[in-house]
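Those protein sequences? They're chains A and B, same order as listed. Our numbering puts the first residue of the first sequence at 1, with every later residue one more than the last. Our numbering puts the first residue of the second sequence at 1, with every later residue one more than the last.
To be clear, the hints were calculated from the coordinates, so they are not data collected in a lab. Wrong hints could be hidden among the right ones.
Below, a list of computed lysine to any residue pairs in the SDA-like style, where the Cα atoms sit at most 20 Å apart [stated by the list, open to error]:
(1) A:Lys104 to B:Leu20
(2) A:Lys104 to B:Phe23
(3) A:Lys98 to B:Phe29
(4) A:Lys39 to B:Leu8
(5) A:Lys13 to A:Arg131
(6) A:Lys13 to B:Leu95
(7) A:Lys104 to B:Lys87
(8) A:Lys39 to B:Trp86
(9) A:Lys104 to B:Leu95
(10) A:Lys98 to B:Phe23
(11) B:Lys87 to A:Lys98
(12) A:Lys98 to B:Gly70
(13) A:Lys98 to B:Leu8
The structure displayed is predicted, hence computed values, not measured ones.
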Amino acid sequence: MEATQQKKQIMKKALLDTLPVMAGYVVLGMGFGILLQSKGYGFGWAVLMSTMVYAGSMQYVAVDLLGSGVSLLSAALMTLMINGRHFFYGLSVLQRYKGTGRWKPYLIFSLTDETYSLICGENTLQGPQQRLYDVFVSLLDQFYWVIGSALGGVLGSVLCFDSRGVDFAMTALFVVIFTGQWLSTREHLPALVGVGVSLLCLLLFGPGGFVIPAMAGITAALLLLRGRLEKGE
Amino acid sequence: MTGFSHSLLLVGVVAVVTALTRFLPFLLFPDGRTTPRVVVYLGTVLPCAIMGMLVVYCLRGVSFSAPPHGLPEAIAVGVVVLLHIWKRNTLLSILAGTACYMALVQLVFA
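All chains, full assembly: derive it from the sequences and hints.
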């Protein structure tokens, strides 16, 4: 039947597209689970955090916070700073997620860096098909993350192959999407603004605190360039 | 307050604040009302810019002064970009770039 055939094709596409994320998430998830386990928090905690928080960098920081006696307020503020960039992800998929019905809350909840990249990289599908793709990608990505965390929590530190450098898959994914976007448009100014402002903020604020200023700076710069960029579209 | 309940509350706080950062744009600009044109405009230009930011973010820890002076990253990123321009195959570019980086980090620059 035509409809189920299409559905299967989209599922297959989502599966293939998320393979790089699987590599990164399973390994990083395992790292998280192992780290958590070493602090005395078993695999149940790993699964809980990966299901309810679902934010890689923040989860790693949280391992440090647990049992450190930090106040709940400090934890809340740190989370706001570290995950603040998600606000800008949501801002840029407002249109795309319009009318996505009962899946909308989950789509919003599961918007991680990698899921966001894959979503933005997919512009060929339309309407319900695109929605299907977005949902599959979001579900698969979280599935990999939770499985990885559970495995890490259970296996402890028994890793049988040298996996040093495998998390470069994540960097590679972002570079591929960036390159793809660059090749598909003549207007390179947004991309250049993104890189330029980020590098500037990296120099000014250091690796630990440059993301929020960079996001603010990028938004400000793009708003200033609106006259030039909006007409050119 | 026991260690267990404090930990549980901590996880809860982190989860809620994280969800907040994700849901806030959708709460500020709900479906029913027309999204302000400036927000629509940002939706068209932000993704490209954010992707640039994410690449910088991934490479933020690279040090040019200390060995290996960012060479594994530079080479691997170069491989990814060139291969992608040539073959336009996402999976291939990522696999090749990652394999290249792992080999460089484990064998060449170890």
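Hints versus structure:
1. Under the criterion of a C-alpha separation no larger than 20 Å, the hint pairing Lys104 (chain A) with Leu20 (chain B) is consistent with the structure, at around 15 Å.
2. Annotation: proposed proximity of Lys104 (chain A) to Phe23 (chain B) holds, straight-line Cα distance about 10 Å (limit 20 Å).
3. Restraint check for Lys98 (chain A) and Phe29 (chain B): satisfied, since their Cα atoms lie roughly 11 Å apart, inside the 20 Å limit.
4. A C-alpha spacing of about 15 Å is found between Lys39 (chain A) and Leu8 (chain B), which places the hinted pair at or below 20 Å, so the restraint holds.
5. With a C-alpha separation of about 13 Å, the suggested pairing of Lys13 (chain A) with Arg131 (chain A) holds against the 20 Å cut-off.
6. Restraint check for Lys13 (chain A) and Leu95 (chain B): the C-alpha separation of about 17 Å stays at or below 20 Å, so the hint holds.
7. Between Lys104 (chain A) and Lys87 (chain B) the alpha-carbon distance is near 35 Å, which puts this suggested pair outside the 20 Å criterion.
8. Note on Lys39 (chain A) and Trp86 (chain B): the hinted pairing is violated, with a Cα-Cα distance of about 46 Å set against a maximum of 20 Å.
9. With a C-alpha separation of about 32 Å, the suggested pair Lys104 (chain A) and Leu95 (chain B) falls outside the 20 Å cut-off, and the hint is violated.
10. Using a Cα cut-off of 20 Å, the hinted pair Lys98 (chain A) and Phe23 (chain B) holds, with the two alpha carbons roughly 13 Å apart.
11. Note on Lys87 (chain B) and Lys98 (chain A): the hinted pairing is violated, with a Cα-Cα distance of about 34 Å set against a maximum of 20 Å.
12. This hinted pair does not check out: Lys98 (chain A) and Gly70 (chain B) have alpha carbons roughly 42 Å apart, beyond 20 Å.
13. Between Lys98 (chain A) and Leu8 (chain B), the direct Cα distance comes to roughly 34 Å. Violation of the 20 Å bound is thereby established for this hinted pair.
Hint compliance for this structure: hints 7, 8, 9, 11, 12 and 13 are broken, all remaining hints hold.
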